[in-house]
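K.L.:
Just so you know, the protein sequences line up as chains L and P, in that order.
The first sequence maps to residues 1343 to 1937 in my numbering.
The second sequence maps to residues 6 to 824 in my numbering.
To be clear, the hints were calculated from the coordinates, so they are not data collected in a lab.
Hints may contain errors.
Unchecked claim - Below, a list of computed lysine-lysine pairs in the DSSO-like style, where the Cα atoms sit at most 27 Å apart:
#1 K465(P) to K1758(L)
#2 K1580(L) to K1840(L)
#3 K404(P) to K375(P)
#4 K1465(L) to K811(P)
#5 K726(P) to K1767(L)
#6 K1767(L) to K592(P)
#7 K84(P) to K1711(L)
#8 K1701(L) to K1622(L)
#9 K1792(L) to K658(P)
#10 K1731(L) to K706(P)
#11 K716(P) to K1731(L)
#12 K663(P) to K1758(L)
#13 K1908(L) to K1806(L)
#14 K536(P) to K1556(L)
#15 K592(P) to K549(P)
#16 K394(P) to K1791(L)
#17 K592(P) to K1731(L)
#18 K253(P) to K284(P)
#19 K84(P) to K58(P)
#20 K1760(L) to K606(P)
#21 K732(P) to K1731(L)
#22 K58(P) to K1736(L)
#23 K1883(L) to K1840(L)
#24 K1927(L) to K1701(L)
#25 K126(P) to K80(P)
#26 K465(P) to K1736(L)
#27 K1711(L) to K1758(L)
#28 K284(P) to K394(P)
#29 K1523(L) to K1803(L)
#30 K394(P) to K1793(L)
#31 K1731(L) to K1711(L)
#32 K706(P) to K658(P)
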Amino acid sequence: MTEVIVNLEDSRLLHNIQVLREQCLNEFLDIIPETVGSGSMALILDPDLTGPLGLVVEPKVLKQCPISTITELHDQPFESKDNKFLFFVYPRLELMAIIAKYIFSQEKVIPNCEYTVVFVPRKTMMCERELEKLGVLGNVTLEEFHMDLIPLDEDVLTMSVKGAFRQIIDQDTSNLIDVAKSILKFEAAFGQFNEIDWIGSNSEIVADILQRTKNFSSKNNDQLFPSQVERLIIFDRKVDLLSPIVTQLTYEGLIDEIYGIENGIVQLDPQVLGHRGNKKERKPLNSNDILYAMIRDMNMGKVGEFFKKTAKQIELGYENRNIVKNLSELKTFVKKLPSLQAEHHSLDTYISIYEDIVKLTGGGSDLKKRIECELGILGDGRQFYDYLKTQIWKEENLNTVLRLLCIQSLSSGGLKNKHFDFFRKEIIHTYGFNHVNTLANLEKLGMFKKKEGNKFDQIRKNLKLFDDNFLQTNDISLVHSGYAPISIRLIQCLFEKKRGWESIDDIIKNQIGTHYGKVDLPKSKEKKINSNINQSNNTKKKLCLVFFIGGVTYAEISALRILGQKENSNVEFIIATTNILNGNKLIQSTFEIKK
Amino acid sequence: MENPSVHWNQFDRYYYQKRLVFHMGWNEINLDHYLIESAPFGGLIALLRDDQKIINIKNIQTNKNCIFIYTCSGKLISKLDYGDKQRVKAFGWTLDEKLIIVYDDCEIVVFDIFGEKIKTKCITSRDSTVHLVYKAKVWHNGAVILTKKNRLFIVENLSQPRFEEYSVPENLGIVSDLEILQPKFSLTGHTEVFISNLAKNLFIIDNDQTLEIEFEEMITNLKVSPTGRLLAYYTETGNLHVISTDFKSHFLEFQMNSKIKPKQIAWCSSDTVLLNFEKKNTLLMVAPSQSFLKYEYDEPLYLMTEEDGIRILTNSCCEFLSKVPEVVVNIFGIGSTSFSSLLYDASQSYEKESSKGDEVIRSKMDLLPKAITDCITASSWVFQRDLQKKLLNAAAIGKSYLDNFVHDIFADMCKDLRVLNEVRGWEIGMPLTYRQFEKIGIDLLIERLINRKHHYVALKICEYLRIRKDRVLVRWACEKVKSETESDEQILKSIISKLGKEENVSFASIASVAYSESKNDLAIKLLDYEKSASEQVPLLINMKNPGLALIKAIECANPDLIYLVLLYLLNTLDINENSLFQILSHKDMAINLLIKYCKHKNKDLLYRLYSQLKREPKEVGLLKITESLSDKINLEMKLKIRNESLIAFGVSKNNFLKKITEDNIKLVKLQQDYQQRLELVFIGLSINQTTAKLLELDLEKEAKKMKKTFKIPNDRYWWIKLRALAKKHRWKKMYAWAKNEKSPIGYEPFVEICIKNRVGNEALNYIPLVKDPYNQVKFYLRLNKFEQAADIAIKEKNQNLLQHVKSLAPKNLNIPSHI
């Protein structure tokens, strides 16, 4: 469980965003009985749920609950002295058998225990039937815990669904109704959207559900207060599968690429931070730390400069005239200032991480070479087949090999037959026969395929996907050192083109190959009044919620922040997503799990 | 007009009035021949012929097994046929006027007033013995049954009935009366049962204990007061007692010295007891102060205790006896000097266009607001409309003298009285007092009207009071659907014209009625108007229309609903899958969900589904490969399934996949062979790993065979061998290999792997073989061989490179600074 969850009390963009978390927390506390009576209670968690739950329930809150045991649900029977059991699970069929196994084995130890199965976010009929078939439905009480959108930061909400991208691969639409419901819940808290755009087929399904709901409650949506968030964009990950596999080159993005960020927390080897020991250190990464909020969206190339500047400011502030020449001096310098220890400690931490990243991305490193290849492919349309071949022969990590191979394929409309078969054979011979399916999944997604005409060059040109001058222009392309994510470019078009996506209809329909639309919203009188109020109040930027179905990367989040912070922009973004994605997680979810 | 006070009786310290409410509309009903139960709050009356009375009735055969249901005005609502198999042991009413019947075999049934069974509950025992009812008692939300074998069962919530058994004392004996204290009144929150017996005992039984009290004489009647606070009981020698239900206080002992047992004990205004002596047709009213009042009748009586008075039913009329409230006494009491009385009189003189009233009102303006509210309150008590009008008129006149009087109480009272006067009419026949109306609430009143099929009145009341009317409309529509005279189109048209624009109307519930009336087409048409898919889908399934159900489920993208249809299809169409596939065609969302389900539960169906959907055979092949990778099946099975996938790939002319799978099958066979020969694990390794393992074991010949069989490119083979040798630290062998054959992958990998394995000296062997001088320098520097690095730089005539080497080298080394 998390030690620290993000404090949202002074949320800059969306006042009251903590309501979403408080609602969840209260619901959680309602489910947990206040007293247990005779005996004791165990809390058994779906392993996938531990992290997300930590975003809502702090350990100190959990400690006040009358729970004697907390464990994760695993496929092995157990013996417990407790007599009341609370299972918190996602409604996955395979978990029901495990729960049944728990119950049968526990009943042999202590008969007639109380069992409650709490489904997150909703129970499904299939799970209920499964429990019935397994013969335990009579033993259990079923409850629901509607934890859907949880704040990860003041501008990021996540449903934290681990398998969200896998569902895109399987064309499994079963959680789209949860997405729609979470949007409606958001509306209930922050007011109705005045405009809803969607792109991609999964978004269309969600938009249809919203449309139906709106049609049926048309008379009830006169609101008394103006909406805090005016607009909603629903984005289907399938529209842009390239951006998530391009290496993220913001400070936060690189931390995610190298160490992995889970539920807003990075776990670091103590050596990275210059500490001793071998226990990983957990570091929450969010906007509560002003310093972090300033650097996380920066291109890695600018971070060093920023540190030096900051150090100088600190130095001037303390009338220390010594000029700090390099980072290690800065570090020793910072350590000398005990009065502002906390702040400096975090600066120290960020510099340590920065140094480690610089080391790992330095000249001659694999990562550096990989980034060069990516930029070569995306910027100049170059090919790196020889490099890729050698990587496979060297039996380098399959994840990284596939990422680069997919970038190569996506940006050139596929591989020539000869190359396609060659790489498939090399990969299967090297990494094993089970990857036949991995490759088939990537082919199904269109990420790795046979050549069929290349439209990427047009897209690159039309959407200005590449910008060499990103450091000067402060363009969103800085998040990948020159490559601007298609996803965010499309969102940018919606605001900057006169007729929004209609202005780039041909690009979306024929080059990217997807479709888009709007939800038809009934206009009410109140809304007109609201918009009048807003017009007179022009200084404040409007807010827009972007919902990513299938995941969003930290780099994309940064790009949206950059977009919102531009001087000429009149909109800022709140990001909602089914999950936080990166290239490795995406590739990983194309692997078939053995059952 | 005469003063209302002429009808008052002074009794104890109060005035009472017995008001005639209705002349009964029924003919030839003699209450003496019936067992009677009436619903509280002016509710319906149920009459069951008392078979212990010998009488001569003309229609005795046709009306056998019937309970007659009448309004308080004696209008027949229905004859409820309770069946001829069981005998009725007790009956009573719910608050919304459903009839509860307890049969002699312990079955409890709740009927609507037209005889439809709504709920049935029976005591089921494991040994399937039938319990027979000895005594039973029903209240508005529950029942108590004492069986002949002295077992006591309680049902507390009739909407979700559940039997609870209380333990019964062994010395219970022959019971003289049984009474209950409803759970809402008891201290424990459970039903308490009072039982008196011939052995002069009174037992108080609840869920976990029994209290036994011995009396000096036998108790014949027990009756709890409407507030549940007091208990009245009558003894064999004719003594009436009132005690508290917690048995701590004794309030009254009244000696009648009559051994005649009263037919009924009832309560009026929670402190006054009424005794109904059947044989004398006398009603005796006893106050806490022991004063009493006698009403003589010349016909049998039935008493119904209400919240604020008592309803008296005779063969000819319905009366209501209650205390006259103080506000009314103040206005109409003889010689009353209260200001409300003056205000009332003043308003009367206004009518006569006299100015006297004005002076009176202006004389005590400070008392006016209270006088106005008193007039309004008084109007709520009286039944006659003209008197209501006069009182409200007085309030209105008073009101006109004040600027800040809150108009709402006046307006609300006018509205409420209008509603009350409507239901108090003979047609509806519900003599609700205002206090009862407040208690029962408008919702329950509307529910009663709907139950009695007074839809129009209910609707008008809803509109008049501006409350939700969808419930009324839906119930009306449900009745409408049953119409046998109109065509489906007419019914639909008239329903849509009334309900089409309403919100929150459940068309599914109307459709469901249509379906149960076997009007399927109408049901489907009605369902089209239903907004909630979760209502539509289950009904459509019930109606055996899974195709439409699936379309509706997909429309709202609700996986639960889609699965509901799919499971229905799988469970009912297992013989003829074609219809399943037909229904599924072009419904991708449902197909994908079915595939997901099949992957877990039904692989065979999955393959049939694929072939039916004309999916590419390639996909079937891939699916088989996934299946073959499962840890749960043995190797033989795996190979069998992979061979099947080969066929699929062959059909789809997918040469690559065919080849790669063939290779895999070949590999597994080879691995099996090695595994046997070498007694080492091979199965599960990739081609590279297998080759590497062979090389590590020095089985070069076998490795070469692998290379040939699987067409491993030479470069890759070199990489595999290089790693295998390094892993086993075969440095000499590696060097010999490098010297004897020309490396297709250059010599950098050799250097790298030596450095990685910390055998720097070995690395030095390969640096001269590296082609690129820059790389040579780089390697030398990494191994701290600065002189060699410098030599290369000099040989290459590269001054910068030399400079670089020198800058890194220790000072004591003699590195030249120029070429």
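K.L.:
Can you list which hints this structure breaks, lowest number first?
P.N.:
Hints 1, 4, 6, 7, 16, 17, 18, 20, 22, 25, 26, 28, 29, 30, 32 not satisfied by this model.
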